[in-house]
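Colleague: Assemble the whole structure, with the sequences as input and the hints as a guide.
Those sequence lines, one after another, are chains S and Y.
With the first letter of the first sequence counted as 1, position 299 gets the number 299 in UniProt numbering; the numbers rise by one all the way through.
With the first letter of the second sequence counted as 1, position 292 gets the number 292 in UniProt numbering; the numbers rise by one all the way through.
Hints listed in this document are in silico derivations from the structure and should not be mistaken for laboratory results.
Treat the hints with care, as some may be off.
A pair counts as met if it fits within one copy or between any two copies, since identical chains are not told apart.
What the hints assert, rightly or not - Derived pair list, reagent style SDA-like, types lysine to any residue, alpha-carbon separation capped at 25 Å:
#: 1; residue 1: Lys229; residue 2: Ala215
#: 2; residue 1: Lys107; residue 2: Leu90
#: 3; residue 1: Lys107; residue 2: Ala43
#: 4; residue 1: Lys201; residue 2: Asp234
#: 5; residue 1: Lys289; residue 2: Asn102
#: 6; residue 1: Lys289; residue 2: Thr105
#: 7; residue 1: Lys252; residue 2: Gln322
#: 8; residue 1: Lys11; residue 2: Pro137
#: 9; residue 1: Lys60; residue 2: Glu112
#: 10; residue 1: Lys175; residue 2: Tyr233
#: 11; residue 1: Lys201; residue 2: Thr187
#: 12; residue 1: Lys274; residue 2: Gln322
#: 13; residue 1: Lys228; residue 2: Asn62
#: 14; residue 1: Lys107; residue 2: Ile42
#: 15; residue 1: Lys229; residue 2: Val258
#: 16; residue 1: Lys108; residue 2: Ile42
#: 17; residue 1: Lys159; residue 2: Ser313
#: 18; residue 1: Lys327; residue 2: Arg176
#: 19; residue 1: Lys81; residue 2: Ile321
#: 20; residue 1: Lys108; residue 2: Ile24
#: 21; residue 1: Lys81; residue 2: Glu112
#: 22; residue 1: Lys11; residue 2: Gly31
All values reported here derive from a predicted model rather than from experimental measurement.
Number of protein chains: 2
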Amino acid sequence: MFPTTIREVAKRANVSEATVSRVINKKGYVGKETLKKVEAAIAELNYTPNEVARMLFKKKSNTIGLLIPDITNPFFPELAKAVEAVAQRLGYLLILCNTESNPETEKKYVRELTHKYVDGLIIMNQNNEDITYDELPFPTLFLDRVHDKRVLSVSSQNKEGGRIATEYLLQTGSKRILHIRGPHNVTTATERAEGYQEVMKKNNLAAHVMDCDYATEAAYQLGKSLFKKAVEYDAIFAGNDLIAAGVLMAAKEYQISVPDELQIIGYDGIDLCKHTSPQLTTIQQPIYKMGEQAAILLIAQIENQLQEKESSSHSFPVELIQRGTTKPLR
Amino acid sequence: MFPTTIREVAKRANVSEATVSRVINKKGYVGKETLKKVEAAIAELNYTPNEVARMLFKKKSNTIGLLIPDITNPFFPELAKAVEAVAQRLGYLLILCNTESNPETEKKYVRELTHKYVDGLIIMNQNNEDITYDELPFPTLFLDRVHDKRVLSVSSQNKEGGRIATEYLLQTGSKRILHIRGPHNVTTATERAEGYQEVMKKNNLAAHVMDCDYATEAAYQLGKSLFKKAVEYDAIFAGNDLIAAGVLMAAKEYQISVPDELQIIGYDGIDLCKHTSPQLTTIQQPIYKMGEQAAILLIAQIENQLQEKESSSHSFPVELIQRGTTKPLR
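Modeller: This is the structure:
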């Protein structure tokens, strides 16, 4: 059941494997008679070019690597789905590399992908100073992360998102606004925090920032430690929806009325927002579009069809989706 | 920046590429002197065996395919994460194939994976009569799906899960129990329905079964169509957690009190259950363990280390997790 090999074709046509290879890849000189013999053998044996042999010849594998910090954070499967749909349409397979944000795992993956002639790599992981992605022997693209200007990147307007969230909370009457930000090596988390800080400063209000992992359990614990004392804040802008959901769980446990006593805004716009009670207000990123755009740009670069570096970083607008954890605008 | 090739090593050692290949792969005869020369060239050039060349030689790529119906259904990323963790530890890369349950996409993927010498395939997709998986030129394993006995499978005790859920609903006082089952080509959905029907029959109660896709939106619509009339049922056993979450959303919209007027049990035990309000009672599958076991068994088969077919199908126990959408047992 293994597909016919180049060796069998060569034997049948009574030529060398190198000759068959030249015919298949339409490279180098092949005499007319020889060409006929090889083509006849290919037809008789119902040969389809062996992808692996082609790969060796062309140093091209038609695969793309996808480095993901955590596939169980619902934000990433949605991105991965879009990348995969485009890749598949354009003839590329996707190698899933889930790193659990472990720098050693990331390094190991990058090494393996290099040896396998992967054609390109989409990186959703965060800063790892040990890896200089712009020196890899294949094109790379950063997704949901802003990086060195020489490398392609697709993200959304995170600083603007931080501004929009904070301004909304002010407009609906909150003043003591806490921002629970994501990890410090995550560039987008820092941008969101900057947007928050800018708006607080402009309004002469004190900024309060706490750190949290992008995980509901961690946020739930942080929320409980906040709420067991008298609640100091009347609003929380959470670094992502998982943090918002965790904080909301804790608030309910301490019978804090949301949004009356405490407003909460999340970030990303994952499906989970619709299932919490009340439903989560969030800053919606165009997740699927970002994934599509990333795959299109990377493959264009792989196939040398990228237009003259008009711009290497692509940033999508975001919007606030008003749901149950914030008060409506008057 | 491309790694050193076998060709460069051959040139440096002044031998043929075939000879270098024999040295690298420790196959076939190589003279002592030649061996020394080749090893010296390898050391000087800091050569690491080219994975692609090895792949061609051994017809082995150290990659595993993973066919998934929908990566954005939270059940699958959790499974995929476990498969990936084991694969990585044992030296295999994972090719993510998201089929959107489209049989044509599935066929296309299987064809591509065959041409790329993938070493094995884990199938989470459902019945596709066009593909005879046991005739593929590499080992296959069905995950969360029971299949032909000749093929390896890892799943959980779905019929038992259906029984447990239904019995619990009876024990907590419900009698008019509706089962909203998953798609008919999904073997595990059918098993869960069988468990439900068996228990209803044993108790001389009428079974009511409706069909739904494994998606919250579809279940929400179905729920609304049920609840806008007088509610006939006092409990719903949902085919998975997404269906349960959708039905719960609809019940809240129609101000049906859960669990007092209507009990709901989901299936799978995904993270979402903890974020709904009330939190979802569910039949918990050991998702991560199932994924690990699948990867271990498939790789054992690939490496011919599978113990004499003691059993080809592995089935994990499940348990009911009592939360807020059902009444506690008295």
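Colleague: All hints, please: hold or fail.
Modeller: Now for the hints, and whether the structure bears them out:
Taking the closest pair of Cα atoms, Lys229 and Ala215 come within 25 Å of each other only inside a single copy of the chain (23 Å); across copies the shortest separation is 40 Å, beyond that limit. Taking the closest pair of Cα atoms, Lys107 and Leu90 come within 25 Å of each other only across two copies (16 Å); inside a single copy the shortest separation is 28 Å, beyond that limit. Proximity of Lys107 and Ala43 under a CA criterion of 25 Å is satisfied inter-copy only: 23 Å between copies versus 44 Å inside one chain copy. In this homomeric assembly, Lys201 and Asp234 come within 25 Å of each other (Cα to Cα) only inside a single copy, at 17 Å, whereas the closest approach across copies is 54 Å.
Taking CA atoms no more than 25 Å apart as the test, Lys289 paired with Asn102 passes between copies only; the shortest distance there is 21 Å, against 27 Å inside one copy. Taking the shortest Cα distances, Lys289 and Thr105 sit within 25 Å of each other only across copies (21 Å), while inside one copy they are farther apart (28 Å). With identical chains, the CA atoms of Lys252 and Gln322 are at most 25 Å apart both within one copy (20 Å) and between copies (19 Å). In this assembly of identical chains, Lys11 and Pro137 lie within 25 Å of each other by CA distance solely across copies; the values are 23 Å between and 36 Å within a copy.
When the C-alpha separation of Lys60 and Glu112 is checked against a cutoff of 25 Å, the pair qualifies both within a copy, at 15 Å, and between copies, at 15 Å. In this assembly of identical chains, Lys175 and Tyr233 lie within 25 Å of each other by CA distance solely inside one copy; the values are 8 Å within and 47 Å between copies. Taking the shortest alpha-carbon separations for Lys201 and Thr187, only the intra-copy value of 21 Å comes in at or below 25 Å, while the best inter-copy value is 58 Å. Taking CA atoms no more than 25 Å apart as the test, Lys274 paired with Gln322 passes in both settings, with 11 Å inside one copy and 23 Å between copies.
Taking the closest pair of Cα atoms, Lys228 and Asn62 never come within 25 Å of each other, the shortest separation being 55 Å inside a single copy and 52 Å across copies. When the C-alpha separation of Lys107 and Ile42 is checked against a cutoff of 25 Å, the pair qualifies only between copies, where the shortest distance is 23 Å, while the shortest distance within a copy is 42 Å. For the homomeric pair Lys229 and Val258, the shortest alpha-carbon distance inside one copy (17 Å) is at most 25 Å, but the shortest distance between copies (31 Å) is not. Taking CA atoms no more than 25 Å apart as the test, Lys108 paired with Ile42 passes between copies only; the shortest distance there is 22 Å, against 40 Å inside one copy.
Taking CA atoms no more than 25 Å apart as the test, Lys159 paired with Ser313 passes inside one copy only; the shortest distance there is 15 Å, against 51 Å between copies. Taking CA atoms no more than 25 Å apart as the test, Lys327 paired with Arg176 passes inside one copy only; the shortest distance there is 15 Å, against 40 Å between copies. For a Cα distance limit of 25 Å, the shortest separation of Lys81 from Ile321 inside one copy, 23 Å, qualifies, whereas the shortest one across copies, 30 Å, does not. Proximity of Lys108 and Ile24 under a CA criterion of 25 Å is satisfied inter-copy only: 22 Å between copies versus 34 Å inside one chain copy.
Taking identical chains as interchangeable, the C-alpha atoms of Lys81 and Glu112 lie at most 25 Å apart whether they share a chain (23 Å) or sit on different chains (18 Å). In this homomeric assembly, Lys11 and Gly31 come within 25 Å of each other (Cα to Cα) only inside a single copy, at 17 Å, whereas the closest approach across copies is 28 Å.
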